[in-house]
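**Student:** Chains A and B, in that order, are what the protein sequence lines are. Heads up: the first sequence at position 4 corresponds to 4 in the numbering used here, and the numbers run straight through without jumps. Heads up: the second sequence at position 110 corresponds to 110 in the numbering used here, and the numbers run straight through without jumps.
Simulated from the structure, these hints should not be mistaken for laboratory data. Owing to the predicted nature of the structure, the values given are computational and were not obtained by experimental measurement. Note that CB positions come from ideal geometry on N, CA and C, so glycine has one too. Be aware that a few hints might be false.
Stated by the list, open to error - Taking lysine-lysine pairs in the DSS-like style, the calculated list, with each CA pair at most 30 Å apart, reads:
| # | chain 1 | residue 1 | chain 2 | residue 2 |
| --- | --- | --- | --- | --- |
| 1 | A | K60 | B | K20 |
| 2 | B | K20 | A | K327 |
| 3 | A | K305 | A | K201 |
To be verified - Under 8 Å between C-beta atoms, here's a sample of chain A residues computed to sit facing chain B:
| # | residue |
| --- | --- |
| 4 | M50 |
| 5 | S52 |
| 6 | L59 |
| 7 | S173 |
Chain by chain, the residues run as shown.
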Amino acid sequence: MEDIVLLQAIERYLDGSMLPAEKAYFEELRRNTPEIDQMVVEHNMFLHQMDSYTNTLSLKHTLNDVHAKLLSYGEINEGGEVSTKGKVVRMWNRYRKVTAIAACVGGAIALMISGLFAYLSPVNNSQIQELKREVEYVKSKNKVTDDKLNEVVSKIPKGAVVTGGGSGFLIDSKGYIITNAHVLKGSSFANVTNGNGDDFKAVIAFKDESKDLAILKIEDEDFKIKRNLPYAIKKTGAELGEEIYTLGYPRNDLTFNQGFLSTQTGFNGDSSTYQLQISANPGNSGGPVFNSNGEVVGILSTREKQSEGVAFAIKSKSIYKFIEQLKNTDNDTLYQHIKMPSSSSLKGMNRKEQIKKMEDYIFLVQAFNKK
Amino acid sequence: MKSELNEQALLKGLAENDSKAIETIYKENFNTIQAFILNNNGSYDDARDIFQEAMIALYEKVQSNSFVLTSKINTYVYSICRRLWLKRLQQMGRYSGKIENLEETISVDEDMEIHEKRNAEFAIMDRALNSLGEPCKSLLEGYYIKKMDMQELSKAFGYTNADNAKNQKYKCLMRLKKLFFTQYNIGE
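Let's have the full structure, built from the sequences with the hints guiding it.
**Tutor:** Here you go:
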């Protein structure tokens, strides 16, 4: 009982509700009785603990509310419908050890294979040239078209070092852009601009140097999800002699070029690429190659140094394989909902009309590093 | 300059537990963190846990008197999340020694230490409160957390008068303190 009275007094003392005379008396008591002094200190500390506990608790509530709210507004996404999610999570929990081991083994094998490929691959051959825009090139552009560039690169943070650039295009209207991995070489950030000059921040979601493919994801409030992409990405191959054309950014403006599919295989007989007869320039890397129906048949990536007008494009089939591979690896959850357009709404239109419809979906990719 | 001011305002909002500010910070940072966790062996639930813990760490930081944030909010949040996730992976024995780095990071060692201490204190208080039993737990929560006054409390719990409720509250408080300090001093 005495303890309670004392505790009550300490609490009143600490919250300042004691009358002056009472307070003076209590302070006197504190000075003369070390035990009581200790109790006051201890209780004060305890009340602080209670306070920070209360604050953290209410922050946790707020965070959960905010999470639920943003989830319902679609600002954040936890993948898939709720009904399937439970199942997936359960499966994941059950098999995660197995998956992890499988992934490790798979990863090791993949590394070995990619090492072998890197060793044997012709990409590093000096006879072909990657069509990435070099920094110097971008820099000199800066001087010439100063005003324009200011407007275009406004979302690249000040002091960022632009490491290179190229082209890219949407493969899913949710903001997934495909481009060449070499366009992003040595950089960790990217900025994309479409044919209308709309500028968006993007993150490098995935890149595979051996396939020379990379996925960017637009992470920008200004980016509005469009319902459907006008073009299709072709699952089957293109025909020898087929007329093709490309759109890309060898300059800061969307640039058109046309040509023919000249060989079903690429440099040194590489069967994952086509050889094209087309004029391609640094900056065209990562740009789409279309057939006359407005279907993507390839991704322009390299050109031969010696001969004029010989370029190589990664076959569109490889995009499907690439995405399929992403979906099958174990840290895939982000990519499960990528869905690529398989039918083109551009069939039968003339080329000018087709290009007008595509402008918004083909991007200038600028890769940079923050200082 | 404008964005700097804006960030300061957001942090001030966070310190006051203002849901608008929290929502803005959440919206601007969650997706990056989620992508990072998912890309590194984590699940959606992990992403949520880690991100919210980082928000709490940031909250603790802005609450302290010596508060200076030397980086942008997103860099700070990312750095904390990265540390938290590395630690979690190590605990689960799934750390592969390779973590994909999408963003720049800053050193957060000191803050992590403080956060871990606070986290432990939170857990001790939580455990102490939960092992208290009813009606002690609700009574104390009512007074200290929901800040109800004794009159309301005695009514809500059915005490005949506020004095009795108060008496009971002090008895409960003494038990809670004992539970808390036993645990706390073991931890020290």
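**Student:** Verify the proposed pairing of B/K20 with A/K327, using a straight-line Cα cut of 30 Å.
**Tutor:** Not OK: B/K20 and A/K327 at ~36 Å, beyond 30 Å, violated.
**Student:** Mind checking the alpha carbons of A/K305 and A/K201 for me, to see if they're no more than 30 Å apart?
**Tutor:** Status violated; Cα separation ~33 Å.
**Student:** Hint A/M50 vs chain B: min CB-CB distance below 8 Å?
**Tutor:** 5 Å, holds
**Student:** Can the hint on A/L59 be confirmed by a CB-to-CB distance to chain B that is less than 8 Å?
**Tutor:** Result: holds, 6 Å to nearest chain B Cβ.
**Student:** Holds or violated: A/K60 with B/K20, Cα cutoff 30 Å?
**Tutor:** The hint holds at about 15 Å.
**Student:** Holds or violated: A/S52 as interface residue toward chain B, Cβ cutoff 8 Å?
**Tutor:** 7 Å, holds
**Student:** Hey, does the A/S173 contact hint survive, CB to chain B under 8 Å?
**Tutor:** Interface hint status for A/S173: violated (17 Å vs cutoff 8 Å).
Of the numbered hints given earlier, the model fails hints 2, 3 and 7; all others are met.
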